[in-house]
Amino acid sequence: MRTEKMRRSPLSTSQTTTTEHHPALAHQFDSMEQQQEASTFGMWVFLLTEIMMFGGLFTAYLIYRLKYYPAFVAGSTSISVSWGFANTLVLIGSSFTMAMAVWAAQKGYRKSQVWFLIGTMVLGTAFLGVKAKEYYDKWDECHIPGIGNQVIGKPFNAWGGCSIKDTSLGNIAEEIRDPNKHGNPNIPEVAAEQTAKRTEIFFSFYFAMTGLHAFHMVIGLGLLAWLLLRAKSGEFGPSYYTPIELGGLYWHFVDIVWIFLFPLLYLISRHQHGV
Amino acid sequence: MPERHFLNDNYGIRSWLLTKDHKRIAILYLFSITFFFLIGGFFASLIRLHLLTPNGELFEADTYNKLFTMHGVNMVFFFLIPSVPAVLGNFLVPIMVGTKDLAFPKINLLSWYLYIAGGTFSMAAMISGGVDSGWTFYAPLSSGYLKTHVIMLAVGVIIAGFSSIFTGLNFIVTVHRMRAPGMTWGRLPLFVWSNYAASLIMILGTPVIAITLILLALERGFHIGIFDPKLGGDPVLFQHMFWFYSHPAVYIMILPGMGVISEIVPCFSRKRIFGYSFVAFSSIAIAVFGFVVWAHHMFVAGISVYSALVFSLLSYAVAIPSAVKVFNWTATMYKGSILMSTPMLYAMAFIGLFTIGGLTGLFLAALGLDIHIHDTYFVIAHFHYVMVGGMVTAYLGGLHFWWPKITGKMYPEAPAKLAALITFIGFNLTFFPQFILGYMGMPRRYWAYPPEFQVLNVLSSAGASVLAVGFLLPLLYFAWSLKYGEIAGDNPWQATGLEWETSSPPPTHNFHHIPIVTKDPYAYGEDAEVTVVH
Amino acid sequence: MSEPTHSHPTPGLYLVILLALVVGTCLTWGIAFVDLGKWNPVVALTIAVIKAVLVVLFFMHVYYSSKLTKLTISAGVFWLLIMITMSLSDYLTRTFLP
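Protein chains in written order, with this note's numbering: chain A, 1 to 275; chain B, 1 to 534; chain C, 1 to 98.
Be a bit skeptical, because a hint or two may be false.
Unchecked claim - Some chain A residues well away from chain C (every beta-carbon gap over 10 Å; in silico): (1) I79; (2) R110; (3) K111; (4) M121; (5) V122; (6) L123; (7) H213; (8) I219; (9) G222; (10) L223; (11) L228; (12) R230; (13) K232; (14) E245; (15) G248; (16) L267.
Said to hold, decoys possible - A few chain A residues that face chain B, going by a derived Cβ cut-off under 7 Å, partial list only: (17) A24; (18) Q28; (19) E37; (20) F41; (21) M52; (22) M53; (23) K131; (24) P145; (25) E200.
It is worth saying that the hints were derived from the structure and are not from the lab. Ideal placement from N, C-alpha and C gives every residue a C-beta, glycine not left out.
The task is simple: from the sequences and hints, build the whole structure.
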């Protein structure tokens, strides 16, 4: 004997109070509001996974920073704090333009949202340009970790001079031994060399973390380009601006990662070293 | 059987490969998962064959290492982790919450394609000679010394990980945002609670193994020094990062299986589940606690003894919610009207075998004992009891329970019961001797062993051949049932729950009318309280 | 068509937040050259957390969002902290003798 378990209501008098169908409403959702809420929540859950992914790198970084602190200080000194500072401002600016783009889309201001998206892309590209210059500098100074000289021509060498024939102490090891910088004139050459070797791990994290970040920025630029096309065609307005809102969430997240990367990578014990 | 349903609504290969219907995606997963299960099983057979003799006469040591690696990787990443969520979860979760599809159907399809891509890399690694790192990829062996295609396999696992992440994301958003009117959290079937909890783990844990394997690949390819002691790296760090995911991963595997049991036991006891809230919250508790016990895999790896103490204590704590479930299932059966259907046979086997597996986990969580039994066959027996005796048993039980709903046809009962019995006997014969072997000191991952262990090894291998038969039989009779099986009808088990309210197989949009839920899903029997909320 | 029911920040508010972020960045950079001993990283990370919170609350609209969104973010931070603290608990107690 089966009892009537659930009252059922025919589809046509179910939750949707309006008989109009927004063209962007996907079939699995009952209303634009449900779609917007579900999509935004979905993007937040995705950002959770990104927190854990970058988090793994941050955890490993923290452990090595504790283990090899002098090497991390030396490595941090050798990257340009001015460029890092400038890049941080650039990215924060791009977060502002992105937030404005979402605001403009929500208000229905077509031209503004397009210009703000373009602004975000310009600033994002500038950021990547600076990073490219920074990576080039590291290559030039022989600070790219790992792989042999057959591949990139300048193998990792923080303790000796950059050219193989140069037997003078490299810039990092010099740094470590400099009494004006470290206050300890008695660090023996061997210890300085050992510390300089350990900076390879710092640079591994530098490239892994900024590299993963840059990869996310490149994807972000792709997403922005796609959003730009849709914004130009007038797709977004007060009743539907979810994609640009989600794009904004992604972009701000990438900004937040950099907000932490800047002090962790560029500002380790700077007070001893000046600009 | 209804005239139009999700299986015949559309024809042609494109309608399957480009489907957005969660039910069709579940079927796609069913086929691919079965494929990888067979591959993993094939490697298991080779292992057990080789271990018949103590002197390693069948394979070389290096080849043996490849066998257990490929067995482990295929079974863990390409079978166990997706199995219940991707097949049964994908099919049932939207129906159980009362909606038309998952929140993001295209992402669901992407999930399947990512799984296939990951599996392709795994097959490629196999075909190009196999990998011998162990499924745990420990550094610096895998990053600095092996000559096999470690990175190819690692890439496969990373991609499959993203498949898992997207499945979990879909489930979480669906359960939060797409429940039918009246479907409160307290009225969700426990299968949904379990899959939700497993999805939390998928979301929070899988990204960590992704970054770990990426770092491993960078280390192996470019020797950056992160895990290599010669360059200042720390191999134990790899283990921390690896197990941070891989321990919660075992809860990804078992929680959905427990959800299946929570559906089967009340149905075939004709009784409301005992302690619904406790079972529901215990799933969440397992998901949360599961994240703080990972270093119990590392007790002898060189971690601090104080940290080991903490992890050991927490490992005992994480057993408690699982025990709660076992008590509740048993209490549900007490004074129930038990029907020994095939799903119920699997469920009862689960309860017993999972208990043994779970309790032996506690042996391993004890620091002093672990020093002796770590990396022995005791560990292998423990995790096969929970994974095969637990998870695979639950998966099979669930397949049998919902087969009529998915296909509209009944499987043949007699061969099914026979297969369940053969599987049970074969399983215990295979793995119980391994507890004894481990306790006696036989190490794991060894291609040869002292001759005094041979009798138990032979018993184990004999059991494996029986188990293989038990696993192959369902393949045969499920296929048979598609053509010759009895028409099942909407609710052959007289079960409660939204999925039994719709036709078998369900229509593409799951329901003909959106349900409005007024009761909880376990109103079995006369003593069930009926609550009607307007 | 339905208007969104939650409110949104104004461009003015966004500008204020932008200013705060720029100030925070300059502060971080400037304080890095002052010797505060072991407090340097603490100060730098505190400012970073404040900046991140501002971005989350206002640029990402979480201030105006549902409890579920706030819970989700808290869960993420909590899990990250579990990973960091419990891993560190091993390394920091290795040479500790009672």
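Verification of the hints:
1. I79: 13 Å, holds
2. R110: Non-interface label stands for R110/A: nearest chain C Cβ at 16 Å, farther than 10 Å.
3. K111: Check passes; 15 Å lies beyond 10 Å.
4. M121: Holds, because the least Cβ-Cβ distance between M121/A and chain C comes to about 17 Å, which exceeds 10 Å.
5. V122: 16 Å, holds
6. L123: 12 Å, holds
7. H213: Its Cβ never comes within 10 Å of chain C, the nearest being 14 Å, so this holds.
8. I219: Its Cβ never comes within 10 Å of chain C, the nearest being 18 Å, so this holds.
9. G222: Per Cβ check, G222/A is outside 10 Å of chain C; nearest 20 Å; holds.
10. L223: 16 Å, holds
11. L228: 19 Å, holds
12. R230: 18 Å, holds
13. K232: Holds, because the least Cβ-Cβ distance between K232/A and chain C comes to about 21 Å, which exceeds 10 Å.
14. E245: 8 Å, violated
15. G248: It is violated; G248/A is separated from chain C by about 7 Å at its closest Cβ, not greater than 10 Å.
16. L267: Since the minimum Cβ distance to chain C is about 4 Å, L267/A lies within 10 Å and the statement is violated.
17. A24: Hint on A24/A: violated, closest Cβ of chain B at ~14 Å, above 7 Å.
18. Q28: Result: holds, 4 Å to nearest chain B Cβ.
19. E37: 6 Å, holds
20. F41: 5 Å, holds
21. M52: Holds, about 4 Å.
22. M53: 4 Å, holds
23. K131: 18 Å, violated
24. P145: It holds, given that the least Cβ distance between P145/A and chain B is near 5 Å, below 7 Å.
25. E200: E200/A check passes; min Cβ-Cβ to chain B is 5 Å, inside 7 Å.
Figure legend: structure checked against the earlier numbered hints; hints not met, in rising order: 14, 15, 16, 17 and 23.
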